[in-house]
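Here the protein sequences line up with chains D and L, keeping their order. Per this note's numbering, the very first residue in the first sequence carries number 1; after that it's consecutive. Per this note's numbering, the very first residue in the second sequence carries number 115; after that it's consecutive.
FYI, nobody ran anything at the bench for these hints, they're computed from the structure. Computed from a predicted model, the values in this text were never measured in an experiment. Backbone N, C-alpha and C define an ideal beta-carbon position, used for all residues, glycine too. Fair warning: there could be bad hints in the mix.
Unchecked claim - Derived DSSO-like pairs: lysine-lysine, alpha-carbon spacing no greater than 30 Å straight-line:
#1 L:Lys-211 / D:Lys-52
#2 L:Lys-156 / L:Lys-171
#3 L:Lys-171 / L:Lys-183
#4 D:Lys-30 / L:Lys-173
#5 L:Lys-192 / L:Lys-172
#6 L:Lys-171 / D:Lys-30
#7 D:Lys-13 / L:Lys-183
#8 L:Lys-192 / L:Lys-173
#9 D:Lys-30 / L:Lys-192
#10 L:Lys-173 / L:Lys-211
#11 L:Lys-173 / L:Lys-183
#12 L:Lys-173 / L:Lys-156
#13 L:Lys-156 / L:Lys-183
#14 D:Lys-30 / L:Lys-211
#15 D:Lys-30 / D:Lys-52
#16 D:Lys-52 / L:Lys-171
#17 D:Lys-30 / L:Lys-172
#18 L:Lys-172 / L:Lys-156
Said to hold, decoys possible - So, partial list: chain L residues that the calculated Cβ filter (under 8 Å) puts toward chain D:
#19 Val-127
#20 Thr-154
#21 Pro-158
#22 Ala-160
#23 Val-163
#24 Tyr-186
Stated by the list, open to error - Chain D regions said to be covered by chain L (calculated; three or more residues, Cβ under 8 Å):
#25 29-43
#26 96-102
#27 105-113
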Amino acid sequence: DAGVTQSPTHLIKTRGQQVTLRCSPISGHKSVSWYQQVLGQGPQFIFQYYEKEERGRGNFPDRFSARQFPNYSSELNVNALLLGDSALYLCASSFTTSQANEQFFGPGTRLTVL
Amino acid sequence: ILNVEQSPQSLHVQEGDSTNFTCSFPSSNFYALHWYRWETAKSPEALFVMTLNGDEKKKGRISATLNTKEGYSYLYIKGSQPEDSATYLCENFGNEKLTFGTGTRLTIIP
Numbered sequence: 001d002a003g004v005t006q007s008p009t010h011l012i013k014t015r016g017q018q019v020t021l022r023c024s025p026i027s028g029h030k031s032v033s034w035y036q037q038v039l040g041q042g043p044q045f046i047f048q049y050y051e052k053e054e055r056g057r058g059n060f061p062d063r064f065s066a067r068q069f070p071n072y073s074s075e076l077n078v079n080a081l082l083l084g085d086s087a088l089y090l091c092a093s094s095f096t097t098s099q100a101n102e103q104f105f106g107p108g109t110r111l112t113v114l
Numbered sequence: 115i116l117n118v119e120q121s122p123q124s125l126h127v128q129e130g131d132s133t134n135f136t137c138s139f140p141s142s143n144f145y146a147l148h149w150y151r152w153e154t155a156k157s158p159e160a161l162f163v164m165t166l167n168g169d170e171k172k173k174g175r176i177s178a179t180l181n182t183k184e185g186y187s188y189l190y191i192k193g194s195q196p197e198d199s200a201t202y203l204c205e206n207f208g209n210e211k212l213t214f215g216t217g218t219r220l221t222i223i224p
């Protein structure tokens, strides 16, 4: 069985541009969460989606948005990129939104903003 | 404690020795604590999900304990092996917030 997959693996953008990151969860998992990890820090929670609805949101500006599709895959969109958005973006999937469920992470997308 | 803190930040351990490290978190409105192992160039791997005060979980040479009243969890590794070299992260869910610690970077010296 395939694990959580993310695309692209690496991405370089310039300030002000927009970016879309993609995530496919493990088959059967309906919840997808997005995290941002800046070097030297722990991952920061951005969003959680379940059954195509937003179920949780971290402390990120409105430039960050996401959606989940009927097949439970998800996209994270970041508008008006800033240098500080350079980070590793991780996607994780689980069966439900319960935090008592195990989460499975993808390999991440490394975003560099120049 | 207001945030999730892990200590030490990094650790070098001789192969064969045992070691442990700590995750501290706000004790109010606790719901769950996750431990992950994150090897370089790989995805974070789930080790344990802990929800009950006094929980003890074990997977091979690795085990974890949980004290929700005082807000800490310990991760223990017995008889360290080179493949244990990784960053160990804890993630707390409490007060309806998901928060990761900054991790403990473990290096096993052959």
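Structure versus earlier hints, numbers of those that do not hold, lowest first | 7, 9, 13, 16, 19, 20, 24
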